[in-house]
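Peer 1: Just so you know, this note's numbering puts 253 at position 253 of the sequence shown, and the rest follows in order with no gaps.
Rather than coming from a laboratory, the hints here were simulated on the basis of the structure.
Beta carbons are placed, not taken as given, at the ideal position from N, Cα and C, and that holds for glycine.
Heads up, some of the hints might be wrong.
[Stated by the list, open to error] Ranges between beta-carbon positions, derived for each pair:
| hint | residue 1 | residue 2 | range |
| --- | --- | --- | --- |
| 1 | Gln11 | His72 | 40 to 46 Å |
| 2 | Val103 | Glu235 | 29 to 35 Å |
| 3 | Ser304 | Gly251 | 21 to 27 Å |
| 4 | Glu118 | Phe205 | 24 to 30 Å |
| 5 | Glu118 | Pro343 | 16 to 22 Å |
| 6 | Asn336 | Gln143 | 37 to 43 Å |
| 7 | His72 | Trp119 | 33 to 39 Å |
| 8 | Asp55 | Ser304 | 15 to 21 Å |
| 9 | Asp45 | Leu239 | 31 to 37 Å |
| 10 | Gln29 | Lys278 | 46 to 52 Å |
| 11 | Gln11 | Thr177 | 30 to 36 Å |
| 12 | Asp346 | Glu281 | 18 to 24 Å |
| 13 | Gln401 | Glu209 | 56 to 62 Å |
[Unchecked claim] With a straight-line Cα cutoff of 27 Å, these simulated DSS-like cross-link-like pairs (lysine-lysine) come out:
| hint | residue 1 | residue 2 |
| --- | --- | --- |
| 14 | Lys211 | Lys221 |
| 15 | Lys278 | Lys221 |
| 16 | Lys247 | Lys211 |
| 17 | Lys211 | Lys258 |
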Amino acid sequence: MQGEEVQPTQQELMDGNGVIRWIDGHEEQLIEQLRGWVDLNSGLDNEAGRQQMIDALQLEYESLGFQCRRLHHEQGFTHLVAMRPSAKPDALKVLLLGHVDTVYDSDGTFLSFQREGEWASGPGVGDMKGGLVVTLAMLRALQSISRLDDFDWVAVHNSDEEIGSPTSRDVIERMATGRDLCLDFEIGRSSGAVARSRAGVGAFFCEVEGKSAHAGMEPEKGINAVLAASTLMAEVVALADHSRGTKINIGRITGGNKRNIVAENCRFEIDVRVQSTKEAERVERALHDLKGARASSLPWERGSAQVHLFGRFSRPPWPRGAASDRLAGHFQTVANDLGIDLPAEDTGGGSDANFPAALGVATIDALGPVGEGTHTHHERIRVHTVASRAKLCAIALLRWQRSEPVMAT
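Work out the full structure: start from the sequences and follow the hints.
Peer 2: In structure tokens:
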């Protein structure tokens with residue numbers, strides 16, 4: 001949806017010009033900052049690298065007058081909470097989200113920033129170190145026109161997003177309480193689109209326990225876990241309901257030992273995507289009904305396989321609603337004024353933006369630079385969109401100050 005056609009005031013035009021001047025004057029510095037952060041590996045296997053990224057962000061925020069708190073988790077993850085309260089009672093309360101972890105191991109072959117023409121590639125250049133640079137560029141541009149104090153800021157930068165944010169979810173949800181808006185800076189879609197809704201994401205693991213036996217001499221003494229699992233997989237996939245946007249995928253299967261041995265075990269992994277809490281509850285309930293079940297086996301087998309199920313929904317659904325629609329529409333109006341094409345999409349992928357959105361906070365995501373190839377050795381961004389996204393976000397916030405309050409739905 002396109003935003004309301006509200007003409008900017010003279011002051012907003014002046015402030016917007018100031019934002020543009022600052023970002024244009026620092027564009028190469030922003031790219032060099034991105035280069036340094038991409039070259040610093042912060043993969044899930046590299047706790048030291050993730051700590052260094054948190055260190056770098058803390059220095060940036062403290063130089064902007066934010067109060068910073070580091071939260072350490074016993075599993076080796078550190079998260080940064082940066083706050084800059086405003087003394088103005090009507091200040092817009094904004095939550096900023098971005099993660100420092102990437103999917104790229106420190107001993108991999110895709111390790112450095114490369115720039116070629118309009119593109120820049122490298123591990124995490126889009127997901128999501130480019131978004132971290134956009135976030136700070138937006139803040140510094142607002143500082144340059146003395147408008148940083150007009151907002152009440154909270155930023156959360158976690159280091160476990162790529163595995164579902166298990167140790168940082170509660171931090172994000174606590175910090176989201178009472179916020180007016182949430183901006184998440186995940187990579188922008190290759191089409192240039194931002195996200196106005198996201199699917200809830202569930203990851204489940206089913207283990208089937210059978211009994212081994214010689215496949216030729218005495219198969220009747222065994223219980224084939226692989227065949228029992230195949231029956232269960234058909235039941236699991238049947239829980240999908242595409243009319244409600246519920247998608248289920250069996251993504252990985254392991255089991256058995258050798259060709260001539262009745263398989264005594266099998267494990268399969270289940271990915272679930274839902275558009276509503278009701279559907280999440282229905283699917284999770286049905287999956288857990290498999291717990292302890294005795295899966296049907298072959299007619300000649302004596303007994304049945306044992307079934308064990310583990311897992312959960314790591315991200316609640318962020319359904320499309322009036323609050324996020326209006327926020328996306330506002331960004332589209334500002335983008336149009338800046339000559340930027342900004343579609344808005346409903347996506348099946350989850351992110352940390354799901355958490356505040358599920359709590360009713362008006363949320364927009366994929367505000368990072370436009371790119372493609374996420375989680376591959378072809379991950380890259382369009383270099384000029386680092387600056388254009390920072391301009392868009394700063395000016396959209398300046399103009400939102402004049403908008404009516406969002407009523408979350």
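Peer 1: Next step is simple, just say for each hint if it's right about the structure.
Peer 2: Cross-check of the supplied hints:
1. With their beta carbons about 43 Å apart, Gln11 and His72 fall inside the hinted range of 40 to 46 Å.
2. Taken as a hint, the range 29 to 35 Å holds for the pair Val103 and Glu235, whose Cβ atoms sit roughly 31 Å apart.
3. Under the hint 21 to 27 Å, the C-beta atoms of Ser304 and Gly251, about 25 Å apart, fit the expected range.
4. A beta carbon spacing of about 42 Å between Glu118 and Phe205 contradicts the range 24 to 30 Å that was offered as a hint.
5. The hinted window of 16 to 22 Å between Glu118 and Pro343 holds, with their beta carbons roughly 20 Å apart.
6. Roughly 26 Å separates the CB atoms of Asn336 and Gln143, a value that falls outside the hinted 37 to 43 Å.
7. Restraint check, His72 to Trp119: a C-beta distance of roughly 37 Å satisfies the suggested window 33 to 39 Å.
8. In this structure the supplied range 15 to 21 Å is violated for Asp55 paired with Ser304, their Cβ-Cβ distance being about 55 Å.
9. Taking 31 to 37 Å as the suggested C-beta distance range, the pair Asp45 and Leu239 conforms, at roughly 34 Å.
10. Checking the proposed 46 to 52 Å range against Gln29 and Lys278 shows it holds: the Cβ atoms sit about 48 Å from each other.
11. With their beta carbons about 32 Å apart, Gln11 and Thr177 fall inside the hinted range of 30 to 36 Å.
12. Take Asp346 and Glu281: their Cβ atoms lie about 21 Å apart, and the range 18 to 24 Å holds.
13. As the Cβ distance of Gln401 to Glu209 is approximately 60 Å, the hint placing it in 56 to 62 Å holds.
14. The hinted pair formed by Lys211 and Lys221 meets the criterion: a straight-line CA distance of about 8 Å does not exceed 27 Å.
15. At most 27 Å may separate the alpha-carbon atoms for a hinted pair to count; Lys278 and Lys221 exceed this at roughly 43 Å.
16. Taking the CA atoms of Lys247 and Lys211, the gap is near 32 Å; set against the 27 Å cutoff, the hint is violated.
17. Taken as a hint, the Lys211 and Lys258 pair is honoured in the structure, with Cα atoms around 13 Å apart against an allowance of 27 Å.
Hints 4, 6, 8, 15, 16, counting from the list given before, are not met by this structure.
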